[in-house]
Amino acid sequence: MQYKVLVVDDSKLARMVMASALRRVRPEWTLVETANADEALAAVSATKIDIALVDFNMPDTDGLELVARIHKAHPDMPVAVVSANVQDEIIGRARELNAGFIPKPLTDDALAAFLSGAALRLKKVPT
Amino acid sequence: MRSNATDLTEIEQDALAEIANMGVSRAANSLRQMVGEQVFLSVPTVEIVTRQAASKLVERNNSKRLVAVQQTFEGPFCGKALLIFPEAQSLELVRSIVGYEHSLEDVIDLEQEALAETGNIILNGCLATIANMLHRTMRMSLPSIVRGDGATLFGNGASGEQYVLFLYIDFNIKKRDVGGFIALLMDLPSIAALKEIVNDYVNDIQRHLPSHVG
Numbered sequence: 001m002q003y004k005v006l007v008v009d010d011s012k013l014a015r016m017v018m019a020s021a022l023r024r025v026r027p028e029w030t031l032v033e034t035a036n037a038d039e040a041l042a043a044v045s046a047t048k049i050d051i052a053l054v055d056f057n058m059p060d061t062d063g064l065e066l067v068a069r070i071h072k073a074h075p076d077m078p079v080a081v082v083s084a085n086v087q088d089e090i091i092g093r094a095r096e097l098n099a100g101f102i103p104k105p106l107t108d109d110a111l112a113a114f115l116s117g118a119a120l121r122l123k124k125v126p127t
Numbered sequence: 128m129r130s131n132a133t134d135l136t137e138i139e140q141d142a143l144a145e146i147a148n149m150g151v152s153r154a155a156n157s158l159r160q161m162v163g164e165q166v167f168l169s170v171p172t173v174e175i176v177t178r179q180a181a182s183k184l185v186e187r188n189n190s191k192r193l194v195a196v197q198q199t200f201e202g203p204f205c206g207k208a209l210l211i212f213p214e215a216q217s218l219e220l221v222r223s224i225v226g227y228e229h230s231l232e233d234v235i236d237l238e239q240e241a242l243a244e245t246g247n248i249i250l251n252g253c254l255a256t257i258a259n260m261l262h263r264t265m266r267m268s269l270p271s272i273v274r275g276d277g278a279t280l281f282g283n284g285a286s287g288e289q290y291v292l293f294l295y296i297d298f299n300i301k302k303r304d305v306g307g308f309i310a311l312l313m314d315l316p317s318i319a320a321l322k323e324i325v326n327d328y329v330n331d332i333q334r335h336l337p338s339h340v341g
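Chains as they are written, first to last, in the numbering used here: chain A, 1 to 127; chain B, 128 to 341.
Source of the hints: derived by calculation from the structure; they are not laboratory data. The beta-carbon is built from N, C-alpha and C at its ideal position, and this holds for glycine as well. Check the hints yourself; a few may be wrong.
[Unchecked claim] Simulated crosslink set (DMTMM-like; lysine to aspartate or glutamate; CA at most 25 Å straight-line): (1) B:K301 / A:E65; (2) B:K302 / A:E65; (3) B:K191 / B:D134; (4) B:K301 / A:E33; (5) B:K322 / B:E164; (6) B:K301 / A:D60.
[Claimed, not checked] Partner residues aside, some chain A positions facing chain B, computed with beta carbon under 7 Å: (7) S11; (8) K12; (9) A14; (10) M16; (11) V17; (12) A19; (13) N57; (14) R69; (15) N85; (16) Q87; (17) E89; (18) P105; (19) L106; (20) A110.
Generate the whole structure from the sequences, applying the supplied hints.
Spelled out as structure tokens, the structure:
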């Protein structure tokens, strides 16, 4: 099964790192890049996004708020917060929002682990 | 007002901000462990400005009485990393770290040592993350404490007009009413070296990029 992954990060470099890692771990999946919450929400309503990877520290709307807004419209979409901010509160709030947490600097293993879990969850949810 | 020779391209600026963000976010976690409260961070700012302008930026919204823990770093690029906050908040920060059961006298006695140790942990965490990401080794000096206004902290003196690369992020421990900056300052020869290293890093990522990204 091929999935479409949304990447939300204000840093182009960070998006490049994620695109590069995604190609290595799931070469057949497609990627949609956005640079902020507004673009991300527009992408989610315009196209069928299966999985979202969301940076935490962004101008205006932070990643956790964006996750809450994505889940309001798509409660079953697997979403992960991607951040170097590994403070307990951030990871805890991600969990409360039923989102995963992937630490930066991003490793292929951490991304692959989250994506495998996400793919399993998507198989269970009738789309 | 920028010097053309030291202008950063969009991707260089982006990469530096992202790398600094990772360094500071990791360091914020160390501070969080020390004070037991969440540390809030701003989005990073990367600018090439004069030393004078940099000192004005740290005085913004703050009194001119600042205290900073600083460490110099050397390697493929050199500079200074500083943890800066208003002097009035210094004792409160020390208190949040050593605990509230100590008397004010004890806290005052501990201040220098506690600030140096806090700075050491935070600045080392930040610089080590950056060095690892760029696959370079950096040597760091022991921490020292500086008190004064922005110009004193950044050693303006005669070189106040000199351009520096200035990277900074605000941090805030809301429950303790303590806030400040983590700043990195690099001079011109280092900017050129850093640009090269950052470009290598970006090119390396680009080589692995998918050819069509939606």
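Closest C-beta approach of A:N57 to chain B relative to 7 Å, hint status = 6 Å, holds
Can the restraint linking B:K301 and A:E33 be considered satisfied, given a maximum Cα separation of 25 Å?
-> It is violated: about 33 Å lies between the C-alpha atoms, which goes past 25 Å.
Taking 7 Å as the limit, does the beta-carbon of A:P105 come near enough to a beta-carbon in chain B?
-> 6 Å, holds
Distance restraint between B:K191 and B:D134, which requires alpha-carbon spacing of 25 Å or less | This hinted pair is violated, its Cα atoms lying about 30 Å apart.
How about A:L106: closest beta carbon in chain B under 7 Å, or not?
-> 10 Å, violated
Using Cβ atoms only, decide whether A:A19 comes closer than 7 Å to chain B, and label the hint accordingly.
-> 5 Å, holds
Should the interface hint for A:M16 be scored as holding, given a Cβ-Cβ cut-off of 7 Å against chain B?
-> 5 Å, holds
Classify the hint on A:E89 as holds or violated, based on whether any CB of chain B lies nearer than 7 Å to its CB.
-> 4 Å, holds
Answer holds if the nearest beta-carbon of chain B is closer than 7 Å to that of A:Q87; otherwise answer violated.
-> 5 Å, holds
Hint validity - A:S11 Cβ closer than 7 Å to any chain B Cβ | A:S11 check passes; min Cβ-Cβ to chain B is 4 Å, inside 7 Å.
With chain B as the partner, please determine if A:V17 meets the hint condition of a C-beta pair closer than 7 Å.
-> Since chain B brings a Cβ to about 6 Å from A:V17, closer than 7 Å, the hint holds.
Can the restraint linking B:K301 and A:D60 be considered satisfied, given a maximum Cα separation of 25 Å?
-> 19 Å, holds
The structure is inconsistent with the numbered hints 3, 4, 5, 14, 19, 20, although it conforms to all the rest.
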